Amino acid sequence: MPDKKRKKDLTFAQKLYLPEIFKGLALTFKSMLKPSVTMEYPEVKFVPPAAYRGRPVLVEEKDGTERCVACGLCSRVCPALAIEVQPEETELEKERYPKLFEINMIRCIFCGFCEEVCPEEAIVMSKDYELVFTSREDAIYGKDKLLVPVDQLKDRLEFLRNFK
Amino acid sequence: MPKLTIDEKEIEFKQGQTIIEAGKDNGIEIPHFCWHPKLSISGNCRVCLVEVEKMPKLVIACSTLASDGMVVHTQSEKTIKARNAVMEFFLINHPLDCPICDEAGECKLQDYAYSHGVGESRFDEEKVHKRKRVELGPRIMFDAERCISCSRCIRFSDEIAKENQLTFVKRGDRVTITTFPGESFDNPYTLNTVDICPVGALTSLDWRFKTRVWETSSTESVCIGCSRGCNTEIWVRNNKILRLTPRQNEEVNETWMCDHGRLNTFKFVNEEDRVDGPHLNKNGELVKVEWNEAYSTAFKKLKEFKPGEIAFIGSAYATNEDNYALVKFAKSLGVTNIDFLRHTIPGDQDDILIREDKTPNTVGALLMGVKPLAGGNGSKQIIELIRSNKIKALYVMEDDLIGDDSEMEKLLSKLNLLIVHASNFNKTAQLAHVVFPASTYAEKHGTFVNFQNRIQRIKPAVATEEMDRTLDGMSQSRWDKFGSKYDRWMQGKKFDANPSWKIISRLSGQSNQQLKYDTADDVFEDIAKSVTELKSLDLDDLGNQGVELGSQKVGSAKTVNSELS
Numbered sequence: 106m107p108d109k110k111r112k113k114d115l116t117f118a119q120k121l122y123l124p125e126i127f128k129g130l131a132l133t134f135k136s137m138l139k140p141s142v143t144m145e146y147p148e149v150k151f152v153p154p155a156a157y158r159g160r161p162v163l164v165e166e167k168d169g170t171e172r173c174v175a176c177g178l179c180s181r182v183c184p185a186l187a188i189e190v191q192p193e194e195t196e197l198e199k200e201r202y203p204k205l206f207e208i209n210m211i212r213c214i215f216c217g218f219c220e221e222v223c224p225e226e227a228i229v230m231s232k233d234y235e236l237v238f239t240s241r242e243d244a245i246y247g248k249d250k251l252l253v254p255v256d257q258l259k260d261r262l263e264f265l266r267n268f269k
Numbered sequence: 012m013p014k015l016t017i018d019e020k021e022i023e024f025k026q027g028q029t030i031i032e033a034g035k036d037n038g039i040e041i042p043h044f045c046w047h048p049k050l051s052i053s054g055n056c057r058v059c060l061v062e063v064e065k066m067p068k069l070v071i072a073c074s075t076l077a078s079d080g081m082v083v084h085t086q087s088e089k090t091i092k093a094r095n096a097v098m099e100f101f102l103i104n105h106p107l108d109c110p111i112c113d114e115a116g117e118c119k120l121q122d123y124a125y126s127h128g129v130g131e132s133r134f135d136e137e138k139v140h141k142r143k144r145v146e147l148g149p150r151i152m153f154d155a156e157r158c159i160s161c162s163r164c165i166r167f168s169d170e171i172a173k174e175n176q177l178t179f180v181k182r183g184d185r186v187t188i189t190t191f192p193g194e195s196f197d198n199p200y201t202l203n204t205v206d207i208c209p210v211g212a213l214t215s216l217d218w219r220f221k222t223r224v225w226e227t228s229s230t231e232s233v234c235i236g237c238s239r240g241c242n243t244e245i246w247v248r249n250n251k252i253l254r255l256t257p258r259q260n261e262e263v264n265e266t267w268m269c270d271h272g273r274l275n276t277f278k279f280v281n282e283e284d285r286v287d288g289p290h291l292n293k294n295g296e297l298v299k300v301e302w303n304e305a306y307s308t309a310f311k312k313l314k315e316f317k318p319g320e321i322a323f324i325g326s327a328y329a330t331n332e333d334n335y336a337l338v339k340f341a342k343s344l345g346v347t348n349i350d351f352l353r354h355t356i357p358g359d360q361d362d363i364l365i366r367e368d369k370t371p372n373t374v375g376a377l378l379m380g381v382k383p384l385a386g387g388n389g390s391k392q393i394i395e396l397i398r399s400n401k402i403k404a405l406y407v408m409e410d411d412l413i414g415d416d417s418e419m420e421k422l423l424s425k426l427n428l429l430i431v432h433a434s435n436f437n438k439t440a441q442l443a444h445v446v447f448p449a450s451t452y453a454e455k456h457g458t459f460v461n462f463q464n465r466i467q468r469i470k471p472a473v474a475t476e477e478m479d480r481t482l483d484g485m486s487q488s489r490w491d492k493f494g495s496k497y498d499r500w501m502q503g504k505k506f507d508a509n510p511s512w513k514i515i516s517r518l519s520g521q522s523n524q525q526l527k528y529d530t531a532d533d534v535f536e537d538i539a540k541s542v543t544e545l546k547s548l549d550l551d552d553l554g555n556q557g558v559e560l561g562s563q564k565v566g567s568a569k570t571v572n573s574e575l576s
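From first to last, the protein sequence lines stand for chains A and B. Residue numbering for the first sequence follows this note's numbering, beginning at 106 and increasing consecutively. Residue numbering for the second sequence follows this note's numbering, beginning at 12 and increasing consecutively.
Just so you know, these hints were derived from the structure itself, not from any lab. Because the structure is a prediction, the values reported are computed rather than measured. Heads up, some of the hints might be wrong.
Computed, partial: chain A to chain B, Cβ under 8 Å [said to hold, decoys possible]: (1) Val174; (2) Cys176; (3) Ile245.
Using N, Cα and C, we set each Cβ at its ideal position, and we do this for glycine too.
One chain only, chain A, in its complex shape (with noise of 0.2 Å):
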């Protein structure tokens, strides 16, 4: 067999060495002095667009209620079963409120279902993407840290309306 010629196998050129290094080494120089595009977290925070599905909230209206009615529709489609949502009766209009809203962060696979089948823009993806617990009990999340102004959820709910 006539020996045959590999990708691996190098040209004269490039035996030399020398050459090689100065091209690799323009490449660097050249590089150096393009804007970096690193960002330095956690001592900047990476802020995402508004179509980023980060852990879910609920909406906490201006007078201090939530928006959600406890439908357990959130609950129902969870594909992993992270929501647990207890209604009971309130005197005001919409008559039903939810007595516990839980989710559990380790259950939850941020795939966006509980605000896409929710009746009344209660429960939204935020930008909040760090989440941090040391044991299961931490990961269950209940109302107090769930429910987020709804000033700082301008952004979303606007996406949602514009592209929902």
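Add chain B to chain A, keeping to what the hints say.
Chain B alone, transformed into the frame defined by chain A:
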């Protein structure tokens, strides 16, 4: 038999049946709101419109008599168009309340909007607004906006509950339902209207806003409120009973049950005062102990008395299996003083369902032999003998002897030994030297015999500590199926309790091989061997409708899927 054709299918019908009834008997469902098989025909909802050949206009299937040779189309273009129109008409003023409405998931209007609606509304105007929270009676809330004016509740109170308390007022789209002036919708059967209401207009004050129906599991059971033994479903979420609903049994309760049974026969199951684990009286205080300690202490103490000094009290609240085991245990000790207490409220009875006898198993207790054995004494004499110090040890199974009777309390505190099986810490249990935690009717397998001599099965809906929903084949909700022990919605309290037959079996087990049972089926098998009335019966023979004793035939088991809404 005359025949008619529905959708190309030739079916037989009985003379006098309407088209909807003939169809239903042959598995053809024609949509309906106002028609209900147990109520008179009203014909106001118009959703059952069908096309009948040679008739100029569409007719309503619920009030048109079927006749020989009739040809009916329920899926023709004309019918479907009319049905769509009727649905659209209903949805004009019906609020889009489903996320809030408790009926969602078991709502006829919701179902039909999917199957027979067009999916969109041409109505741009403001919907009619009516009152949303009207308390029609002590147990019922009425949402006037949701009502579709089918009149089922009106006809129910008039025809079934025999108390004409509701009526329509106003006309057109302003029509609404109200009680007669000065009256409250408070007959003993009001909550059945919640079941038959095809929408969420009538809701139970007790159940409303508690949970979604699809988050619960349902288990077939029998009501323990009186000796009628209405067939029920127990609805459970996170090991807690949230409601009872009636289950169809034409021989017993048709499709109804009384409000008392529905509301007052399940709350004690999840009550705070449940006996959780066996207790011994140590230095005047009831202390929780291990099962083995309780068994050996109870057995050792019982043996200290002569058979004549001991009396056993069975219970008409307990199952046949429990009572049978108790009698067998008493016999093995040579005890002849055995009886049970009757709990009747004279006069509290009607021609519909409610019975004077407020226990579900009086007939069963008698059949199992809970009565004085040869030479023994009945309950009245037992009490006298306690007073005269001749009976020193009392074994009480699942009954409260004291209640509000302070004299009885004094009497029982005289006893040298009081062993009690109790589900909740009643006054008798508080006086006891040994308390065994008894499973409630919702936590065990077993049978009751009602006043009609009908033997009916109960199944566990709530798990105790020794039980597992999956391994023990209990009904499961979606949560139960996929949950893990780390999920809070799986951590509902499980009480450390056992059925009485099991407690007796283990208590006497050390010395008595004849009382060794592993399951309630084993006990039932034993009963079927030795009690003539139950001869050759098998638990599987009971189906979900029960069997009338004395009429049992092989294969008489019936299982009916309740489909009557």
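Going down the list of hints, with the structure as the test:
Given hint, valine 174 of chain A at the interface with chain B, holds; its Cβ is 5 Å from that chain's nearest Cβ, closer than 8 Å. Hint on cysteine 176 of chain A holds. Least Cβ distance to chain B is approximately 3 Å, under the 8 Å limit. The interface hint given for isoleucine 245 of chain A is met, as the beta carbon of that residue sits about 7 Å from the closest beta carbon of chain B, less than 8 Å.
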